[in-house]
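S.K.: Residues per chain, in single letters:
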Amino acid sequence: MHNIVPDAAAADPVIRVEGLAKEYRVFDKPEGLAASIRSLFHRTSRVVEALKGVDLTVGRGEFVALLGPNGAGKTTLLKLLSGIITPSRGTARVLGHVPWERADDFRRRFALVMGQRNQLWWDLPAAESFRLHQEIYRMEPARFERIRDELVDLLDVRRLILQPVRELSLGERMKLELVAALLHEPEVLFLDEPTIGLDVVAQHTIHEFLRTVQRQRRMTVVLTTHYMKDVVALCERVVVITRGQILYDGSLAEIVDRFTTHKIVTLDLDEAPDQRRIEAFGFPCEVRGPRVILRIERGRIADVLPQLLRAEGVRDVSVEDVPLEEIVAGLFRSDRRQAETVGAAR
Amino acid sequence: MSGVAGGTRGGSALRGLRTWWTMLVICIEERLVYRGDFALGTLMRFLPIVTQIFLWTAVFSATSRTDIAGYSRNDIVAYYLLTMVTRAFSSMPGLAGGIARSIRDGSVKKFLVQPVDYVSFLLAARVAHKLVYYAVAIAPFALVFFLCRGYFPPPPDAATFAAFVVSLLLSFLLGFFMEAALGMIGFWFMEVSSIVFGYMLVQYLLSGHMFPIDLLAGVPTGLAGVSLADVVRWLPFEYTAYFPAAVWLGKVRGERLLWSLVIEAGWVVVMALACRAAWWRGTRRYSAFGG
Chain A
1 MHNIVPDAAA
11 ADPVIRVEGL
21 AKEYRVFDKP
31 EGLAASIRSL
41 FHRTSRVVEA
51 LKGVDLTVGR
61 GEFVALLGPN
71 GAGKTTLLKL
81 LSGIITPSRG
91 TARVLGHVPW
101 ERADDFRRRF
111 ALVMGQRNQL
121 WWDLPAAESF
131 RLHQEIYRME
141 PARFERIRDE
151 LVDLLDVRRL
161 ILQPVRELSL
171 GERMKLELVA
181 ALLHEPEVLF
191 LDEPTIGLDV
201 VAQHTIHEFL
211 RTVQRQRRMT
221 VVLTTHYMKD
231 VVALCERVVV
241 ITRGQILYDG
251 SLAEIVDRFT
261 THKIVTLDLD
271 EAPDQRRIEA
281 FGFPCEVRGP
291 RVILRIERGR
301 IADVLPQLLR
311 AEGVRDVSVE
321 DVPLEEIVAG
331 LFRSDRRQAE
341 TVGAAR
Chain B
1 MSGVAGGTRG
11 GSALRGLRTW
21 WTMLVICIEE
31 RLVYRGDFAL
41 GTLMRFLPIV
51 TQIFLWTAVF
61 SATSRTDIAG
71 YSRNDIVAYY
81 LLTMVTRAFS
91 SMPGLAGGIA
101 RSIRDGSVKK
111 FLVQPVDYVS
121 FLLAARVAHK
131 LVYYAVAIAP
141 FALVFFLCRG
151 YFPPPPDAAT
161 FAAFVVSLLL
171 SFLLGFFMEA
181 ALGMIGFWFM
191 EVSSIVFGYM
201 LVQYLLSGHM
211 FPIDLLAGVP
221 TGLAGVSLAD
231 VVRWLPFEYT
241 AYFPAAVWLG
251 KVRGERLLWS
261 LVIEAGWVVV
271 MALACRAAWW
281 RGTRRYSAFG
291 G
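Chains as they are written, first to last, in this note's numbering: chain A, 1 to 346; chain B, 1 to 291.
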């Protein structure tokens, strides 16, 4: 277990979760007509543990990414923290409140954006939905207008707010969803895959926007995502969840240090190397025309690099970390292997 | 703590009302997007009345009687036209199904996360729906009533008219809370359409939509001196169609009228509480089972 709680969290915890677990009872739906009829009278169910006792503390102003494969329990955790569901065991406090008690005092202080489940009214311009939020969250008109204009200008969507939402593109809708969620200046923001399905430009705009607003307001943000770009652009802290448990909790930089043994060295040669030359490198490598990509142990880089540079016909060399996607995928896989070994041992 | 709450209660009630008003205005704007649907639909709804006129003309010509259960042929036609007014208040197309859908597709989550009450929101949406409907439907209604003016007895006195208006407003609330409570069953069953269908059937028979409830006065129940009409009077259904029409036509008067209004108001309270309870228990179940 790698558990590094930053100082900020300890000093002023906004989210404190202890032993939080959630079990679901799912009914097996058998295949075939006969089995379906039988299941009318006797249904077989089993208990799925979506979350198996999670401890987590998040301090004010932190930007935390929840990573994990599908079904790992990320969204379950967000649902628990925003009070949509009640846990099977364990406790949670967000802004001093038990989320699933759903006190209005609590609900006025946070926001949840879940993919494309829109808070915006489909047939009306977003400006109308914003006005409703002004009332629901009891904002003074002057403050409401100031914040709305700020947010709308940051995302450059002023011209869109008077258009019916149904006429907007996915990216435009997502931007307006974010404006709606941030209007009441929530102290805590939960984002469930905010950039899913968006093009690179929209993703970038949303990254810039979230970073700016988060810093300005010292807002606490917890986001789930499958895009490492989101994580690199936004989050200093990464929590990896697999099969309902926290596998890693720490800084993004450390995840690279801790879980990679190699670096990627790319050589650009004069010409595509022949087999003899490839073997001479002495490392596992991938050849793409005149480009050779080597995986070299980190400890040996300092020794090996000068040799490579001296070699004949080398025009350029670059040294990089293993891509984050690969590290995280490796983490997910190693956990699954572990689980399989444990299972086999039983 | 309680002192603070007490001090701000008046202010917070006012805030709640303002929030509700904003919801209403926005719902009206949303409904106006679909105003075209209403105009044609309203006229279509009057078509069955032509069949009713023919049917009851045939019934009365086959008998030597000039009235059935106190209704002349003209009274019957006037009754059907008036139940259309009542139904315009009490019917809630799509309400139960919409609630069940919001539970199934998860859009109900919004009301768990945001500090806004789902039932109040639904009520605002429904008032908006009705107001926009009346604005569009008033012209066809006026036209049909003008063409059929010959069937109506002279208009009622001011007190009866006031009772009629109250019974109509209560029929709106009763229809709303009954169907909303029905929709909340969606928290327990994935699909409520067959339950809604069953409700519609009972509603159709016992509300007076099909014939005046007075016709049931001759139907014995097995209890001495208690007719089916007496039983129906204690159920909520007749207040969503029969009762206001009967008030206008002077079929229910005096003390009985007052008592019927009390029963109607009582059912509104019962259904509003049932709706609340279903929401409360339903959301707890929803939260426990996955969301």
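The set of hints was computed from the structure by calculation and includes no laboratory data. Take the hints with a grain of salt, since some may be wrong.
[What the hints assert, rightly or not] Reference excerpt, derived from the structure (chain A facing chain B, CB under 8 Å, subset only):
#	residue
1	Ser-82
2	Ile-85
3	Arg-89
4	Gly-90
5	Thr-91
6	Arg-102
7	Asp-104
8	Arg-107
9	Asp-123
10	Arg-131
11	Arg-138
12	Tyr-227
[Stated by the list, open to error] Here are the simulated distance ranges between beta carbons:
#	chain 1	residue 1	chain 2	residue 2	range
13	B	Arg-104	A	Ala-272	55 to 65 Å
14	A	Val-26	B	Leu-228	43 to 53 Å
15	B	Trp-234	A	Asp-149	54 to 64 Å
16	B	Ala-288	A	Ala-35	39 to 49 Å
17	A	Ile-196	B	Phe-189	28 to 38 Å
18	B	Ala-13	A	Ala-34	32 to 42 Å
19	B	Met-200	A	Val-47	30 to 40 Å
Note that beta-carbon positions come from the ideal geometry of N, C-alpha and C, so glycine has one too.
S.K.: Determine for every hint whether it applies to the structure shown.
M.R.: Hint check:
1. At its closest, the beta carbon of A/Ser-82 sits 6 Å from a beta carbon of chain B; the interface hint therefore holds under the 8 Å criterion.
2. Taken as an interface hint, A/Ile-85 checks out: its beta carbon lies about 4 Å from the nearest beta carbon of chain B, inside 8 Å.
3. For A/Arg-89, the shortest C-beta to C-beta distance to chain B is roughly 13 Å, which exceeds 8 Å, and the interface hint is violated.
4. A hinted interface residue such as A/Gly-90 counts as satisfied when its beta carbon comes closer than 8 Å to some beta carbon of chain B; here the least separation is about 14 Å, so the hint is violated.
5. For A/Thr-91, the shortest C-beta to C-beta distance to chain B is roughly 16 Å, which exceeds 8 Å, and the interface hint is violated.
6. For A/Arg-102, the interface hint holds, since its Cβ comes within 8 Å of a Cβ in chain B; the closest pair sits about 6 Å apart.
7. Interface restraint check: A/Asp-104 against chain B, minimum CB-CB distance 4 Å, threshold 8 Å, status holds.
8. With 8 Å as the threshold, the beta carbon of A/Arg-107 comes within range of chain B, its nearest partner Cβ sitting at about 4 Å, so the hint holds.
9. The restraint placing A/Asp-123 at the interface with chain B holds, with a minimum CB-CB distance near 5 Å, inside the 8 Å limit.
10. Look at A/Arg-131: its Cβ gets to within about 7 Å of chain B, closer than 8 Å, so that hint holds up.
11. Below 8 Å, beta-carbon pairs count as interface contacts, and A/Arg-138 has one with chain B at about 6 Å; its hint therefore holds.
12. Given the 8 Å rule on beta carbons, the hint for A/Tyr-227 is violated: about 23 Å separates it from the nearest Cβ of chain B.
13. The beta-carbon spacing between B/Arg-104 and A/Ala-272, approximately 59 Å, falls within the hinted interval of 55 to 65 Å.
14. Range check, A/Val-26 to B/Leu-228: about 47 Å between beta-carbon atoms, so the 43 to 53 Å window is met.
15. Take B/Trp-234 and A/Asp-149: their Cβ atoms lie about 58 Å apart, and the range 54 to 64 Å holds.
16. Judged by the Cβ atoms, the range 39 to 49 Å given for B/Ala-288 and A/Ala-35 is violated: they are separated by roughly 28 Å.
17. Distance hint check: the CB atoms of A/Ile-196 and B/Phe-189 are about 31 Å apart, consistent with the given range 28 to 38 Å.
18. Taking 32 to 42 Å as the suggested C-beta distance range, the pair B/Ala-13 and A/Ala-34 does not conform, at roughly 59 Å.
19. The hint said 30 to 40 Å for the Cβ distance between B/Met-200 and A/Val-47, and at roughly 39 Å that hint holds.
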